[in-house]
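Residue numbering for the sequence shown follows the UniProt record's numbering, starting at 1 and increasing by one per position.
In case anyone wonders, no lab produced these hints; they're calculated from the structure. Each hint should be verified, as a subset may be incorrect.
Have a look at the derived ranges for each label pair, beta carbon to beta carbon [stated by the list, open to error]:
no.: 1; residue 1: Ser-97; residue 2: Arg-260; range: 33 to 43 Å
no.: 2; residue 1: Thr-159; residue 2: Thr-84; range: 32 to 42 Å
no.: 3; residue 1: Glu-124; residue 2: Lys-174; range: 16 to 26 Å
no.: 4; residue 1: Lys-174; residue 2: Ala-255; range: 19 to 29 Å
no.: 5; residue 1: Thr-159; residue 2: Lys-259; range: 33 to 43 Å
no.: 6; residue 1: Ala-255; residue 2: Lys-137; range: 22 to 32 Å
no.: 7; residue 1: Arg-260; residue 2: Glu-76; range: 38 to 48 Å
Nothing here was measured: the structure is a model prediction, and the numbers come from that model. The beta-carbon is built from N, C-alpha and C at its ideal position, and this holds for glycine as well.
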Amino acid sequence: MLDLGLFLVLIGGLVYIFYYIIPRKFNQAESESPVQPARNPPETKNDKQNLTQASPGHIPDKFEEFATLMAEDVTEGWDVVKDTPDLKVYKKITESSPVAIIKATIIVQNTTADDALFAIWDGEFRREWDDVLQDFKVIEKYSETSDVIYFYAASPVPTIVSNREFVQYRKYRKDGKGILIVYWSADKEDLPIPEGWVRANTIISGYYIKPIENGVEMYFISQNDVRGKIPPKLINAVAPTKAMEWSKKFKKACALLKKRR
Numbered sequence: 001m002l003d004l005g006l007f008l009v010l011i012g013g014l015v016y017i018f019y020y021i022i023p024r025k026f027n028q029a030e031s032e033s034p035v036q037p038a039r040n041p042p043e044t045k046n047d048k049q050n051l052t053q054a055s056p057g058h059i060p061d062k063f064e065e066f067a068t069l070m071a072e073d074v075t076e077g078w079d080v081v082k083d084t085p086d087l088k089v090y091k092k093i094t095e096s097s098p099v100a101i102i103k104a105t106i107i108v109q110n111t112t113a114d115d116a117l118f119a120i121w122d123g124e125f126r127r128e129w130d131d132v133l134q135d136f137k138v139i140e141k142y143s144e145t146s147d148v149i150y151f152y153a154a155s156p157v158p159t160i161v162s163n164r165e166f167v168q169y170r171k172y173r174k175d176g177k178g179i180l181i182v183y184w185s186a187d188k189e190d191l192p193i194p195e196g197w198v199r200a201n202t203i204i205s206g207y208y209i210k211p212i213e214n215g216v217e218m219y220f221i222s223q224n225d226v227r228g229k230i231p232p233k234l235i236n237a238v239a240p241t242k243a244m245e246w247s248k249k250f251k252k253a254c255a256l257l258k259k260r261r
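Let's have the full structure, built from the sequences with the hints guiding it.
See below:
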C-alpha cells in the first residue's frame, strides 16, 4: 500500500487537468492498468463523416442547471477555498454525488467578453495556453455554437494512474448580458476507449462571461468524476487549487490575445 503523501505527489501532474474538476477513505492505492497505450486513441471509421454531417437531434443542455448553481448563495453549504478581490473559489459536496462541485469567480482586466470566449472556445488557441488538453479536437459539429469535443489528460505515472479521456457536449449562447458556455459528457459508444485508459464523466462544467468596466467577470462551475480507482475525497482536496492555477493561465491567455488583436 502506498503512503498517502507519496500517492499525492505521483498523481499531482494528472490532477492538474481537474482544475475545475473534481471534487471514501483512502484504503489501498491499487495500481490501474500498467498498459501505456498509443498517444492518440483509435478513431471511428466515420469520424470525418460525423464532423461534416452530424445532426444534433434532441440534446438537452445544461444552461438552466448551470444558472441555478451560479446563482446559489455561497452560504448554502459552500466551503470557502479562496476569497480575494480578483478570485473567489468555493466547493460543495451534495447527496447526489461524492464528487465536489467547484465554483469560482474570476476578474480579468483589459479584455472583452468576445476575447474571453475565443480563448476558451477556439481549439487552436486553447491548445497554445492550456497544456492539459491533450489531442483536443472537435469530433462532431452541429453549429457554430454547439459541438462534441474530445481531449485527454496524460498521466505522469501511467503504471499507477491511467490516462483520462473526456468526450463532451459543448454549447454556448449569448443572452444580452453575457456569454454562457456549458459542457457535459457525451455518450459515444462508437468511440472506443484505448486499452488501459479511463473515460471520465463530466457531470457539468462551464463558464459565464459577464462584461464589466475594463474587463470581464467570469463565473466558473465544474463537477467532473475521473472514475477509476482515485478516491473522490483525494481529488476533492486537490481540485480547488488547480482551479486557481488555471485562472492564472487564463488571464495570461487573454493578455496574449489582446496583443495579437
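Taking the hints in turn, this is what the structure says about them:
1. Separated by about 40 Å at the C-beta atoms, Ser-97 and Arg-260 satisfy the suggested range of 33 to 43 Å.
2. Between Thr-159 and Thr-84 the Cβ separation comes to about 39 Å, which falls inside the hinted range of 32 to 42 Å.
3. The supplied range of 16 to 26 Å is met by Glu-124 and Lys-174, whose beta-carbon atoms lie about 22 Å from each other.
4. Between Lys-174 and Ala-255, the C-beta spacing of about 23 Å keeps the proposed range 19 to 29 Å intact.
5. Remark: the range hint 33 to 43 Å for Thr-159 to Lys-259 is upheld by a beta-carbon distance near 41 Å.
6. Checking the proposed 22 to 32 Å range against Ala-255 and Lys-137 shows it holds: the Cβ atoms sit about 26 Å from each other.
7. Remark: the range hint 38 to 48 Å for Arg-260 to Glu-76 is upheld by a beta-carbon distance near 41 Å.
Checked against the numbered hints given earlier, the structure satisfies every one of them.
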